[in-house]
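Asks: Chain order of the listed sequences is P and Y.
Its first residue numbered 1, the first sequence is counted upward by one per residue in the numbering used here.
Its first residue numbered 1, the second sequence is counted upward by one per residue in the numbering used here.
Computed cross-link-like contacts, DSS-like style, restricted to lysine-lysine with a CA-CA straight-line distance of at most 25 Å:
1. Y:Lys174 with Y:Lys88
2. Y:Lys175 with Y:Lys3
3. Y:Lys88 with Y:Lys180
4. P:Lys88 with P:Lys175
5. P:Lys3 with Y:Lys3
6. Y:Lys180 with Y:Lys3
7. P:Lys3 with Y:Lys175
8. Y:Lys175 with Y:Lys88
9. P:Lys175 with Y:Lys3
If you're looking for bench data, these hints aren't it; they were derived computationally from the structure.
Quick caveat, the model's predicted, so the values are computed rather than measured.
2 protein chains.
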Amino acid sequence: MEKDHILSLARARRSVRRYSGEPVDLEDILYALEAASQAPSGSNRQPWRFMIVTDPEVKSRIREASESGEREFYARVSGEWGRWLAGKGLSWRKPFLEEAPVLVLVFSEMGAPYHRESVWLATGYVLLALQELGLESLTYTPSDTKRVAESVGASDGFSLEAVLPIGFSLDGGKKETRRKVGEMTFHNRWGECIGVEISTGP
Amino acid sequence: MEKDHILSLARARRSVRRYSGEPVDLEDILYALEAASQAPSGSNRQPWRFMIVTDPEVKSRIREASESGEREFYARVSGEWGRWLAGKGLSWRKPFLEEAPVLVLVFSEMGAPYHRESVWLATGYVLLALQELGLESLTYTPSDTKRVAESVGASDGFSLEAVLPIGFSLDGGKKETRRKVGEMTFHNRWGECIGVEISTGP
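In isolation and in its complexed conformation, chain P is listed as follows (with noise of 0.2 Å):
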């Protein structure tokens, strides 16, 4: 087993936001999730729920509930989140949620001890597998979760975390660059870099 694995993996993912209509096998779906199931959680209550969304007229339903939510939040949004947001060109318009042959709906049990964080510790590892199958993917968390929650019959006392639209890319586009580790990673004392370079593979 290559030792570098996971690195490679991380590096290669990108947020796609543009999908062919190129379809996904159900099992690799199934593959990440598996995966994510395997996450720890808080007292192992494992308080994720996982929507597969295949059918057009569920996606339709999702991405006109997200749309209104979009409308709203980005009449209002400012700020650098704002111009963030306005640079990359993106905008209320959602059109990913019906082109992606197929929809991930992430949940979380409200009543589980540190269910958000359980939940999206597990949404990294379903991003890895995804990309160790060659599916591309985006996390997207729609500004009014509780309208796209109801617009699939979600019960109460499950929160919707994010939508991952996931397929194969249609654009060409490349990844948002990254800060350097070095920048990020203090050792022993806040605010001291540890500012080195790591070398990784031959």
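Go by the hints and put chain Y onto chain P.
Replies: Showing chain Y alone in chain P's frame:
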């Protein structure tokens, strides 16, 4: 590249609370944090900060701050959570905070959108990368994260999300069992479990 590496790692990983004194290569820790720093985040703000702690004096301060918060928490916890903790023999004592050769403190920048979600997703990357290198770990969130953050002089504006002791297990403990992914996964309709067994690997 094998196609079921992520699932194998996810299955093999378990939470470890007893560590041997065997030292850990700092390069390995940086490898895992480098993977994390490639994760997606809200507006690509990369809101994570990591503090690698190897200094025994700093570990001891972290343990003290953690345990004083835990004593208060354990005095008041009850219900299902309390029973789970008691059943696992867990208490306010956190010796792993001194026993593990390395601690990684994971912080999130509170001003960044979806900072908590982003940092926990990245923590999922960390756990898999550590597992790949044969390192064991725990995601421990102190009951009083503020006190622990203060004990290491973290800046205002950063929230302590988790302390990860990292090293080699002393015990031959077993992983907590997990529910089948088919029980946690719906298809197109809430409540309609996909209920499959997935086969992976030969």
